[in-house]
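A.B. asks: Sequence:
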Amino acid sequence: MVKEFKGLGRRKTSIAKVLMVPGKGHIIINGKTPEEYFPNKLVIQDMKQPLTVAQAEKEYDVKVKVIGGGFKGQAGAIRLGISRALIASNAEIKSELKKNGLVTRDSRIKERKKVGKYGARRSPQFSKR
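Quick note: the sequence shown uses the working numbering, first residue 1273, plus one each step.
Honestly, the hints are just simulated from the structure, not real lab data.
Check the hints yourself; a few may be wrong.
Okay, derived cross-link-like pairs now, DSS-like style, lysine-lysine, Cα gap no bigger than 27 Å in a straight line [claimed, not checked]:
id	residue 1	residue 2
1	Lys1275	Lys1296
2	Lys1335	Lys1385
3	Lys1330	Lys1370
4	Lys1400	Lys1289
5	Lys1296	Lys1400
6	Lys1320	Lys1289
7	Lys1337	Lys1366
8	Lys1370	Lys1296
9	Lys1278	Lys1320
10	Lys1296	Lys1330
11	Lys1330	Lys1320
12	Lys1284	Lys1313
13	Lys1382	Lys1330
14	Lys1313	Lys1275
15	Lys1320	Lys1400
16	Lys1370	Lys1385
Across the chosen pairs, the derived CB separations fall in these ranges [what the hints assert, rightly or not]:
id	residue 1	residue 2	range
17	Lys1296	Arg1380	32 to 42 Å
18	Lys1386	Gly1297	18 to 28 Å
19	Lys1330	Gln1397	15 to 25 Å
Each residue gets a CB set at the ideal place from its N, CA and C atoms; glycine is no exception.
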């Protein structure tokens, strides 16, 4: 039986379910390669960061299902999911990932709109007369 490792990542409004199995380093995101799915190389590089830090780029095949948000939020969610799956595979990697800030969930989300305001904080324009 093949050993598989799971990780769940969230960022803004994106949720990524990551499944890692020992393999040759293939990454599939919603049935596509990262180059087909994401618009630029920097986002792909950001998403692969946990694998480079753990030096496991060619050790695991990564399959991801991601929903919600934009491509940067999705990349951040995938990054956290990969980090958590790597920790599930080998707990000794956690300290190395933590040094690079890859284990922390980025909890910044959009603030809700308030009553009587135009957005979360913007007030109507003041008129003296």
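A.B. asks: Give a verdict on every hint.
C.D. replies: Checked hints:
1. Lys1275 - Lys1296: Given pair Lys1275, Lys1296 holds - Cα atoms ~14 Å apart, limit 27 Å.
2. Lys1335 - Lys1385: Violated. Lys1335 to Lys1385 sits at ~36 Å, over the 27 Å cutoff.
3. Lys1330 - Lys1370: holds, 21 Å
4. Lys1400 - Lys1289: Violated: Lys1400 and Lys1289 sit about 54 Å apart, past 27 Å.
5. Lys1296 - Lys1400: violated, 68 Å
6. Lys1320 - Lys1289: With Cα atoms ~15 Å apart, Lys1320 and Lys1289 stay inside 27 Å; holds.
7. Lys1337 - Lys1366: holds, 23 Å
8. Lys1370 - Lys1296: Status holds; Cα separation ~25 Å.
9. Lys1278 - Lys1320: It holds: about 16 Å lies between the C-alpha atoms, which stays within 27 Å.
10. Lys1296 - Lys1330: This hinted pair holds, its Cα atoms lying about 5 Å apart.
11. Lys1330 - Lys1320: holds, 12 Å
12. Lys1284 - Lys1313: Since the Cα atoms of Lys1284 and Lys1313 sit roughly 21 Å apart, the hinted pair holds (cutoff 27 Å).
13. Lys1382 - Lys1330: With Cα atoms ~36 Å apart, Lys1382 and Lys1330 exceed 27 Å; violated.
14. Lys1313 - Lys1275: Given that 27 Å is the threshold and the Cα spacing comes to 30 Å, the pair is violated.
15. Lys1320 - Lys1400: Roughly 55 Å separates the two Cα atoms, so the pair is violated.
16. Lys1370 - Lys1385: violated, 34 Å
17. Lys1296 - Arg1380: 32 to 42 Å: Taking Cβ atoms as reference, Lys1296 and Arg1380 lie about 35 Å apart, which means the hint holds.
18. Lys1386 - Gly1297: 18 to 28 Å: violated, 47 Å
19. Lys1330 - Gln1397: 15 to 25 Å: violated, 58 Å
Of the numbered hints given earlier, the model fails hints 2, 4, 5, 13, 14, 15, 16, 18, 19; all others are met.
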